[in-house]
Every structure is written in C-alpha cells, then in structure tokens.
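Student: One letter stands for each residue in the lines below.
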Amino acid sequence: MLLQEKYPEEIKGILARFPHKKSAVLPLMHLAQEAYGFTSREAMQEVAQILDLDPTHVLSLAGFYTLYYEEPVGKFVLEVCNDLACALRGADEFVQMASRKLDIPVDGTTNDGLFTLKTVMCLAACDRAPMLQCNLKFEEHLDEAKFDALISRLRAEAAAEKAEPSIVEQISAFAK
Amino acid sequence: MHKLEVYRANGGYEALQKVLNEYQPGEVIDIVKASGLRGRGGAGFPTGLKWSFIPKAPGEKYIVVNSDESEMGTFKDRELLEKNPHQVIEGAMIAAYAIGAKQIYNYMRGEFMGIGQHFEEALKACYDAGILGDNIFGTDFSCRMYGYYGAGAYICGEETALLSSLQGDLGQPWSKPPFPAIEGLYKKPTVVNNTETLANVPPIITNGADWYKSIGTAQSPGPKIVCLSGHVNNPGNYEVEMGMTFHELVYGENYGGGIRGGKKFKALLPSGGSGPVVKEDALKAPITYEGLTPYGSTVGSASVVVMDETTDMVWAALKMVHFFKHESCGKCTPCREGTFWMERLLHRIYEGHGTEQDLEVLQSVATQIKGKTLCALGEFAVNPVLSTIRHFFDEYKAKVQGGQKKVAAKTAVPTPTD
Ligand SMILES: Cc1cc2nc3c(=O)[nH]c(=O)nc-3n(C[C@H](O)[C@H](O)[C@H](O)COP(=O)(O)O)c2cc1C
Ligand code: SF4
Ligand code: FES
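Just so you know, the sequences run in chain order P and G. Take any residue in the first sequence, count from 1 to its spot, add 6: that is its number in this note's numbering. Take any residue in the second sequence, count from 1 to its spot, add 4: that is its number in this note's numbering.
No lab work stands behind these hints: they were computed from the structure. Errors might be hidden in some of the hints.
[Said to hold, decoys possible] Below, computed lysine-lysine pairings styled on DSSO-like, alpha-carbon distance capped at 30 Å:
1) G:Lys128 to P:Lys152
2) P:Lys27 to G:Lys374
3) G:Lys7 to P:Lys143
4) P:Lys182 to G:Lys191
5) P:Lys168 to G:Lys128
6) P:Lys81 to G:Lys192
7) G:Lys374 to G:Lys335
8) G:Lys7 to P:Lys182
9) P:Lys18 to G:Lys374
10) P:Lys124 to G:Lys87
11) P:Lys143 to G:Lys128
12) G:Lys374 to P:Lys28
13) P:Lys182 to G:Lys87
14) G:Lys87 to P:Lys143
15) P:Lys182 to G:Lys335
16) G:Lys60 to P:Lys182
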C-alpha cells in the first residue's frame, strides 16, 4: 500500500486524465518505482490492484520498458548514452572511465548503494556528447573533470540527506 | 519563448483565435493541404491529407502528439518542447479543431520527464489563461491536453505501438488496417502527428499556405529542423530551408563548420540509424524528401550523423544493429531473430573472427528480413548492414580475411554484445 499512502493526490489526478483507467498504468508504474525503489512484484501488484488489471500484465510491462528497474538500483542511476552518435564523440571511452572511477562494471552498483552505472541507447542529446542522465536529469558536454565534480556533488547531496522531490515526483505533481 | 506571456507577445495563439473565429474545420484542413506541409516524423506523409481521413461524423476523436523521439541522432522535438512548447500546443489545438477532437495527448519518451517540466508548466499556464479547457476564447470549442511519459522503448515511436502503449497495452505495433484515422486510440478516430509537424501549423495559419510554399522546394515546402551530430565542429539543431545541400550543412560556417580536427569526410547517415549510409557524392544532394533517392537513401526526420575518415564502418554498423536488436519488440520472427543473428555475425566479423561465409550469411539474413516484418523497424535494421556492405565492402573484406587466419589459431566462441 506504499504507493497509495505516498501519492494519493497524484494517483487521483492521473486517473482523471483518461477515459479508460488502464492508460494510467505507465504513470503509476513510474510512481510505484519511486515508492518501492524498483518494480518489485509487490509494487506491480499494487498498481494492478488500483487499476483492476491482471498483475502478470503489469509485470510484463515492467519487463518490456527499460526505465523500469526489475532489480534494486543505487540511489543515483547513471545512464550513459554510448549509442553511435555519442560514441563518435568519445562515449565508449567515457563509459570506461566512469566504470574505473566508480570501481563497478556496467550494470553494477557501488557497495555504498549510491551509484548504478548503465549504458543506454540514444537519449536525444547527441550534440552534447559525452552525456548521461542521472535519475532522468540530463548531464551534458561531460569530460573526466566534470564527471568527478558530478560524483562529488551527488555524494555530498546524499550525505546531507536533502530530499528534493525526484523528477518523477515533480512531473506527477502536475496531475494533482 | 517557453513562457506564455512571451509567446503571446510574439503573436502566439493568434492563429488559434483566427481559426476558431474565422474558419470552419474543413477550411483549416484545406489550408494545411494547400501549404504542402509533410510529416516531420520520418515518413513525410502530407499532413492535411492525413487530417482529412478522419470521419466527419460526430463522436470521440483524438490528437496524439508523437514526442517519443528515440531515433539515434534525433534531438529536435526535445528542443522544441524545452524552448517553444506553446507552438506545439497551439498546433495540436488547431489540429484538434480541424478534426473535431476534444482531447490531446502528448506522448513523450520517459527520458523527457526532466525537460517535460517546461511543457507541463506551459499547459498549466494555458488552462489558467482559458486557452485550454471549456469555451476557449469564448467560442464553442473546448479542448484538453495532457502530457504522457513512456518508459524507454524506441518502438513506441511507431504510431500504432505508441497508441497501444498509451492504452496501457504492451507497446507493440498492430497490423494496419485498421488505420488510426478510423480506429486509433481507444478504437476512436485518431491523428498521430510528430511534434515538429504540429509546430509548423500556427505559422501556416497566420501567414497562409502561399507563404509557406514560398519556402523550400515544390515537393518539400517549408523549413526543417536538422539535427547535426558526429564528427563536425558545431553539432546542434539547425533550422534550414528545404533544398539546402548537405554540403552546406556539414561545411557551412553557420552550420556544421566542417569536420572536426580538419579530418576528411567519410560518410553520413541522413536519417539516424534507420536510413542507408551515403558517401561524399551525396553531399551535393538537397535536403528534401526526394533529394537522396538517387543515392539510395532518405532524409527521414533529418538526423544527420557525420563520420570522418577514422570511422570503422563495420563498428558503426554493429552499433546500429545492436540498437535495433535491443529495440525489436519481438512480435515478428524475422525481425526478432534476424536482428539477433545480424548482431552476432557483425560482432564476429568486427572482432576479426569472421569468415567470408559469415559475410555471405549476414547479407542473406538481412535480405530475408526485408519485406517480411509487421512494422518498419525490421526494414530499418537492414539498412545499416546492406548499405555499409555496399559502400565499404573493402572494410568487411579486410576484416574477414584477417579473421580467417585468426580463426585457425583461436577457436573462441564470440559473444554478442549485451
Ligand atoms: C520504429 C519506428 C519508430 C518511429 N519513431 C518515431 C518517433 O520517435 N517520432 C515520430 O514522430 N515518428 C516516429 N515514427 C513514425 C510514426 O510511425 C508516424 O509516422 C509519425 O509519428 C507520423 O507523424 P507525421 O505525419 O507528423 O510525421 C516511427 C516509426 C517507426 C516505424
Ligand atoms: S518489425 Fe520488429 S519492431 Fe516491428 S513489430 Fe515486428 S518485431 Fe516488432
Ligand atoms: S547517440 Fe547518444 S544521445 Fe543520441
């Protein structure tokens, strides 16, 4: 019941946008991932229950879309684009550098649970490569120094336990 | 421009007002038809004609804006949504009035949630100002618009997959017919238009079809946003008049500014990963829907990726095929299996373990996918393979010849990436 406890207004607002409530499944899955940390069976069951859907359908959606994480991830998910246009401007080398600095392989999570490193397909920012998204926020025109600065900033943010609303929460709040 | 006051101070929403006060829906469709506007989502389908397919009978109808923008090398809709969301909203509302829709959804890729703030704020400002909602500008026209965010799937840019996804079903295409114009969202008549297409509509209404046609060429009228990336000095979005050459785009001082590091040009992808690669001779071609036909390619949504002389074309093909394998929705076997095998074979060839026979099998797998898939993704996946083999056969040859020697010494089984 985490989802309904945490975001009752958002859920109501999202449902009001569609003539058929099944359409609310992706927005609710985004929020469920916020509440539960990843698209766990429990989280997907809660979404299914709110929308009167078969839980296996919701689970199949979780498997289909790449932004739903089926396993727990770090506090900050760093998704580096290494698709062709970015790779022409050094993205593959950037991924290696990031992996070395965080001391984790691609798809790995740091021991402190802060960072998960992933590689992703084109993020519509090819003119600003190397680039990544950190919890859906664009970080662009990167190099080693900027990556170091980003990691330090995120570590400081985590230490200060500043709980700013996430991007998913901010977008969902527009439905209230 | 993303603020409502600024947009209105520059004549924003005057086109919508004009349409609501002066034109019948059918007249709006006629103007857009006369302007020659063609869809900016890749296929170049005439926009006015698409709107005219919607049945005139009253009933629920929908406009769906396609802001899924996931083609490699494409980043124009993103900038429109960030910097000029009102022009997209106004265009979509004019479309809604023209076809008799009262509800608009803007389907953005999930990764746009961060930049979607601007778009959501723009919508909110419109509701507050009475531009969205009931009885807009004191007329009978009522209309609502909402943002929707996908969750990471290139295939959801294909219009029927997009509609399935928006309905809460698995984001897979359906076989047409039924066409969305007859049975689209919730089985109701629906127009799916690209973000940039709709942004072209308000200026057409304000300045007229003749003005629009005076820009660009006879068959490809209007301005076009071109996304330029890769090995150029100045990557970015450029609004160009259709008919400008690719050479000007790559080398022009106001555009790409030439190849980075003074290197030599090698090849260019005019439509991201989904269209065939072209060589230097194609630089003289105009940027139009027809301009690349003699070179065996197409402009698509004008995602121009430039590659210099240092680029390994087998590597580039592998990157693109990896994309399509990753993004294949799995509904049809030739695409699902074919992209898997193409990636495996390309990987083996790229790593230097491939044989001449692998190269032949690669070509045969690619040829067998063609024409046998439910949606165009399968066709797209074939393009990087066959076009790089056609234009850069020597590079493949060199790799398989080196490979045969290595295979004798080393029997490691190649693993496909990912
Ligand atoms: C695999 C695939 C991906 C597509 N991706 C997009 C996309 O991201 N954005 C888009 O506008 N059209 C995309 N299209 C084209 C749409 O199916 C559709 O033709 C387009 O949205 C129509 O809008 P238009 O007439 O304004 O161009 C894609 C097509 C295919 C086959
Ligand atoms: S061609 Fe590929 S992406 Fe398109 S429906 Fe078939 S399997 Fe899915
Ligand atoms: S290829 Fe990386 S953002 Fe487009």
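Student: For every hint, state whether the structure bears it out.
Tutor: Hints, verified against the model:
About 35 Å separates the Cα atoms of Lys128 of chain G and Lys152 of chain P, which puts this hinted pair outside 30 Å; it is violated. Note on Lys27 of chain P and Lys374 of chain G: the hinted pairing is violated, with a Cα-Cα distance of about 38 Å set against a maximum of 30 Å. In summary, the hint linking Lys7 of chain G to Lys143 of chain P is supported, as the alpha carbons are separated by about 21 Å, within the 30 Å threshold. Restraint check: the Cα-Cα separation between Lys182 of chain P and Lys191 of chain G comes to about 28 Å, which is no more than 30 Å; the hinted pair holds.
Using a Cα cut-off of 30 Å, the hinted pair Lys168 of chain P and Lys128 of chain G holds, with the two alpha carbons roughly 28 Å apart. A threshold of 30 Å between alpha carbons decides the hint, and for Lys81 of chain P with Lys192 of chain G the separation of about 42 Å lies outside it, so the pair is violated. Taken as a hint, the Lys374 of chain G and Lys335 of chain G pair is honoured in the structure, with Cα atoms around 16 Å apart against an allowance of 30 Å. Restraint check for Lys7 of chain G and Lys182 of chain P: the C-alpha separation of about 21 Å stays at or below 30 Å, so the hint holds.
Distance check on the hinted pair: Lys18 of chain P and Lys374 of chain G sit about 46 Å apart at the alpha-carbon level, beyond 30 Å; violated. Distance restraint check for Lys124 of chain P and Lys87 of chain G: the Cα-Cα separation of roughly 29 Å lies within the 30 Å cut-off, and the hinted pair is therefore satisfied. Distance hint between Lys143 of chain P and Lys128 of chain G is fulfilled; the C-alpha atoms sit about 22 Å from each other, no more than 30 Å. For the hint pairing Lys374 of chain G with Lys28 of chain P, the CA-to-CA distance comes to about 35 Å; that exceeds 30 Å, so the pair is violated.
Distance restraint check for Lys182 of chain P and Lys87 of chain G: the Cα-Cα separation of roughly 24 Å lies within the 30 Å cut-off, and the hinted pair is therefore satisfied. Proximity of Lys87 of chain G to Lys143 of chain P is assessed by CA-CA distance (about 17 Å); at most 30 Å being required, the pair is judged to hold. Distance check on the hinted pair: Lys182 of chain P and Lys335 of chain G sit about 36 Å apart at the alpha-carbon level, beyond 30 Å; violated. Taking the CA atoms of Lys60 of chain G and Lys182 of chain P, the gap is near 35 Å; set against the 30 Å cutoff, the hint is violated.
The structure fails to meet hints 1, 2, 6, 9, 12, 15, 16 from the earlier list, while all remaining hints are met.
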